[in-house]
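Using the sequences and the hints given, assemble the complete structure.
Chains as they are written, first to last, in this note's numbering: chain A, 799 to 1144; chain B, 799 to 1144.
FYI, nobody ran anything at the bench for these hints, they're computed from the structure.
Please read these numbers as outputs of a predicted model, since none were measured by experiment.
All clues given are correct.
Any copy will do: because identical chains look the same in the list, a pair fits if it lies in one copy or spans two.
Calculated cross-link-like contacts (lysine to aspartate or glutamate; reagent style EDC-like; alpha-carbon spacing at most 16 Å):
(1) K1051 / E1073
(2) K935 / E1040
(3) K855 / E831
(4) K1092 / E1119
(5) K1061 / E1073
Protein chains: 2
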Amino acid sequence: MSDLVRVAVDAMGGDYAPAEPVKGAVEAVNADERVKVQLVGQVDVIEKELQKYTYPKERVEIVPATEIIETGEPPVNAIRHKKDSSIVVGMKKVRYGEADAFVSSGSTGAVLVGGQTIVGRIKGVERPPLAPLIPTKDGVSLLIDCGANVDARPSHLVQFAMMGSVYMEHVVGIKNPRVGIVNIGVEEEKGNALVKETYPLLKENPYINFVGSIEAREIPNGAADVVVCEAFVGNVILKLYEGVGATLISKVKQGMMTSLRSKIGALLVKPALKETLKSFDASEYGGAPLLGLKGLVVKTHGSSKANEFKNSILQCISFSEEKIPQKVQEHLADYKSSREAAKDGV
Amino acid sequence: MSDLVRVAVDAMGGDYAPAEPVKGAVEAVNADERVKVQLVGQVDVIEKELQKYTYPKERVEIVPATEIIETGEPPVNAIRHKKDSSIVVGMKKVRYGEADAFVSSGSTGAVLVGGQTIVGRIKGVERPPLAPLIPTKDGVSLLIDCGANVDARPSHLVQFAMMGSVYMEHVVGIKNPRVGIVNIGVEEEKGNALVKETYPLLKENPYINFVGSIEAREIPNGAADVVVCEAFVGNVILKLYEGVGATLISKVKQGMMTSLRSKIGALLVKPALKETLKSFDASEYGGAPLLGLKGLVVKTHGSSKANEFKNSILQCISFSEEKIPQKVQEHLADYKSSREAAKDGV
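In structure tokens, the structure reads:
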């Protein structure tokens, strides 16, 4: 039993709670026998949903939590006052070592605040980044940071690059992941003050495979596996990705409906096209991990369906088995001492 | 003759010079009799291109310039030393009132530097923004600023909003254009230090129709006509727009080629789809104006073809006829005195 990866799941968060998180949790335990889920929320509501499914009872537990944090609530207040909310209760499971990870599609602000204040940062981490996987031409990249703390310092970005590299290598399975910093040109002297100051620190960092600046145009092309940027820029990238994608797909659909000829064609291309566009759909890749914490916290889209919950839960297995927090802590500590040694040497 | 709008065109700049800029210039004078073009560059090269076309000779002039500024050259140096380059010569025509506008698809850096140092800023303008039109679901929006000067101040963004509004109203023809500031949430307290400081200044500005913060997701939806942001963010938005669009369209094409059934369908949808996607193609809207200068400078894509040159040249007609620089100068001066009056009153 102790070998199971224990994932607490917020059964009350997101647009389709409790139906979709519960369904996703059931699908996850049915898909992989290494995982056990703890559904956190109102017991009667969760039980009613669970009755719909067949699943191994010993790997699905209900953890009672009576309150719900709404999306619009000021996060700091909500975390402080709603002690019996599914987010607070679920995060406490991680904090006290009763769960290895927590998955929620509830309020992003509350998840970020709770992650920092309840789960707690790994020693040495200055700021925990939110790092979604975004689809690229032939795979995925990690966009780090998209969190709520803007106006980052260079030392934050360096830690993002290191944490993102550990995650991509050991959870997503990309050997020696390429790290790029988002910039307005590829030349070393280009950029704003933050990027110019961060660039040399990344260049000399022995823990990452730094490939230099990347322009936003090259992100969908997969020019880097770990795309480092400050959270304001990351947020713009993430949301524009969704926005341009949605608008273009609606344009394509609209274009296919303009004549009888194209309508017939549309019927013929539809199945193939659907399959291809799925590979460019962010929800296929599970949620965004909040890195740098003592346990894993995964934030999924507010509009997540069962499939995204399932993928997010399964993501937690590698995270836990690969001991990501320990690896992050070691790298950061080694880096810090090597920097200090270099300073003393000068 | 003096009623004609005189547009100097860099015949030597961009990936397809001199063929495409010359062709675009000829198409522009043939399309609108209010315009006269001055093709700036090497005389023999331009003459050779012009021989291919029929056009009203009295509205096409050649202005000799022997040198060419390459894309990779450090801009400040290039502008200073290549006095007989097509960019420097073309901009001097605007500076000395011998042309109303200058269109170039040469080095962005050189165009920005030349615009500021040769053409010169309108009195009161702190920083001239580069403001491309980007396609949206049902039209276009002005993305301001995408220039090379990053780390802007709030007063810069306020001027961008005002200049952008004048341009959208009087050149593009959108009455009372909606101004939005790019942010990571729509709530007034969200944002980085720059956005938080700028927000109240935009809110109280009587010269614009401020609609508040917009998230990047809403930009392709057309949530604002004038999309205000700092140049680093603007650059990321512009390039990601291109990148996501290109990747998605290649995915759509690839998806259509996966089976015999979908290949047949692809043949049927192709013409209709092409027409629709054209409306989402940035090159349809002419180049990006560099605003806040004494004359109009338009930067077109490095990969511009004749059609983009033509559209950029035709854009200059409204700009000149509507006396945009005068309007900008008046608005900025009025705003400045109203701010000073308010301060004295307190």
